[in-house]
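Chemist: Quick note, the sequences are listed as chains A and B, same order.
According to numbering that gives the first Met the number 0, the first sequence is numbered sequentially starting from 0.
According to numbering that gives the first Met the number 0, the second sequence is numbered sequentially starting from 0.
If you're looking for bench data, these hints aren't it; they were derived computationally from the structure.
As the structure is a prediction and not an experimental result, all values here were calculated from the model.
Cβ atoms here follow ideal geometry from the backbone N, Cα and C, with glycine treated the same way.
Among the hints, erroneous ones may be present.
Restraint ranges, calculated between C-beta atoms of paired labels, are given here [claimed, not checked]:
id	chain 1	residue 1	chain 2	residue 2	range
1	A	Ile332	B	Leu136	35 to 43 Å
2	B	Val99	A	Met80	44 to 52 Å
3	B	Lys153	A	Val251	45 to 53 Å
4	B	Lys153	A	Ser132	53 to 61 Å
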Amino acid sequence: MAELIKHFFNQISSPVMMFTLGTGLLFLFLSFPGQLTAPKVAGPLGILVVAFFIFGLTDEHFKMIITTPDNVPIVMMLFIMLYFTWYAMRKATVNDMRMAEGKGPLEKEESEQKVLVFPYLIFIEFVVALFYSIMLVVWSLALKAPLEDPANPSISPNPSKAPWYFLGLQELLVYFDPWIAGVLLPTLIIIGLCAIPYLDRSPKGSGYYSYQQRRVWISGFLFCFWMLWIVLIVLGTFLRGPNWNFFGPFEVWNVHKVVPLLNVNLSEFVFIKWLGWGLPSQWYLRELPGILLVLAYLLIPPAMAAKTFCKKAFQEMGAVRYAVAAFLLLMVIAVPIKMYLRWAFNLKYLVAIPEFFFNI
Amino acid sequence: MNEPIAPKPDPSPTPKPSADAPKPAAPAATAEPALKRPAPEISVPGRRQFLSWFTIAWLTFVAATAGALSFVLRFMFPNVLFEPKSTFKVGYPDDYEVGVVDLRWKGKYGVWVVRTVEGIYALLAVCTHLGCTPNWLESEQKFKCPCHGSGFYKSGINFEGPAPRPLERLKIGLADDGQIVIDKSKSFHQEKGELSNSEAFLKL
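This is chain B alone, in the form it adopts within the complex:
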């Protein structure tokens, strides 16, 4: 190791044995010995060789890490999912008073059921701004979100605050036993013109 300190008297014996392995360094050293390049050591691998080992080591490390992490993906697909049923019955149409926003199912299913003269629709109790749960204010006849002050009419149309679109309506229909069935997995957007869909409104 004390060799590099010496001003290298004869460059020819040192590069020759290592000339096979580090090819790019060798021609420069042999062709122009006048240039004072540090001659490659015999036992130490050349820079390129070292880098290639280094690359392989890193690739192995990355591959091992990625392989280990890939098992995490498995957890994205649990064996059992405890999700409440998206379809549920909310009683008979006669249980609902005309013109009244029904709050009975808000706590359990997160929906409001509204009866009008023509029929019944179900509104999803999720603010279209950032997903808080609005409150129905009976005296002001509006849904009002406590988070950023968005307001919606009884029809679900947004009219104040930052909410960009109306409340979503849910698929509603009648079961064989005459009860109202609401399906939370299918929602209808007013701004996309989906309210004309027969499933968005239960005509009575």
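Just chain A, same shape as in the assembly:
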């Protein structure tokens, strides 16, 4: 029985399954926020997650990965993220229900009551500060700093892992060229976060939680943060083993695990497999299909959407803001698209010009 459960979790935690299931769960969560955040439902679900980890501790390998000092914060992050996603969504749905009844948001009622900063707030802050001090002391005593041998340039540890907060980006490096995964995407994350207040100027939801009034933005943010950051960090921390191969949570890290990963560029698909011509010798001819595809992806959907189902958004936002928002959104979607293409077709690069270190 236990073996069966372990096998099941090994299967569903493969990158493609995990990403698909995660997106599905998120979609479900965003479709039925009122029902799923109700304490009657969310409580047992939370207990299930805890039960899974307790069950996992009975497995030697799972226990080793979970309790590695480097990985303990990731386990904590997982629970904290689950908690805060639930908390914010719960507040939002409660407000939505209140507003559907014609009452104002809860925050409005609360802001009318006045409480003295001292002693009420200061006291809470003091207790929290005490708690965190104690926690840090216990942490530093209980978990050893993961120091290793002196660095040797001729030996890379296997697996070589970035600091935990970069493991999402390291996972992206498997699918993208270094300049995209290491430079372009992080820059776009920062620029995109900075751009949010300029793109979304609606005063709704300002100062109070609400989901119904800001469905699009909250869904987009949760998808980016959960699927493209948290899930990728979890994947990189727990499920990537020697040679950066995938290993299920209950699978022993075997250095000699063989995973065939024969990757093929789009140009090879087009010219060798479909047309049977052989690769053109000039890079611009060879990569023409990929370049056209990327340009079409970036230009056609926003133009079509502006004419059809995003007409209202286009008129409200104006051309510039619409274009920026569309570009950021397309880049966000491009990340899972490229990952799925790799998983499904072993597609390496859409545009591969190693002559200029330019690969997409």
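Chain B: place on chain A using the hints.
Modeler: What follows is chain B alone, placed relative to chain A:
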């Protein structure tokens, strides 16, 4: 200093002495005294004058800072550079077995030496993806990078993972004493068609 508070009874005595220095402010004040412009003070420098002093001060500050920082450039060119020699000998061709990737020099020089039936080539042990050091997996007959999973055949050709181009080959030749000489300062790229170069492969 309590003068501006007063509703200025006669504008003519105040602007006149300062009219020489702040020129743009003066004509406006003298031409239309009806406009209630604050008359420039005698001792206080005009706005433009103040700004020019300010500019000079800033320029001086920037120049001094740049001058001081320029000394930092000197540190970019150290007197002595402790760089290992790029050329080294790795023994005789007979020391190498045909079809085997030799790991002896990976730790010291960061190269793999591969002997084939036709000859010998040297691969630089740096992944072309982000520069980690791959491992040679004998059972799977491939180089595998532990950082992001790039894989290379024995020939150095990339076939899996994100590495965009094959492993680089190094200049290889024979010394006068019959030993193999590898020069790490010269590398050959397969994707640029440089492997046909006679220095990239030691024919035996």
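Chemist: Hint by hint, say whether it matches the structure.
Modeler: Hint check results:
1. Our hint of 35 to 43 Å for A/Ile332 and B/Leu136 holds, since their Cβ atoms are close to 36 Å apart.
2. Our hint of 44 to 52 Å for B/Val99 and A/Met80 holds, since their Cβ atoms are close to 50 Å apart.
3. Remark: the range hint 45 to 53 Å for B/Lys153 to A/Val251 is contradicted by a beta-carbon distance near 28 Å.
4. Taking 53 to 61 Å as the suggested C-beta distance range, the pair B/Lys153 and A/Ser132 conforms, at roughly 56 Å.
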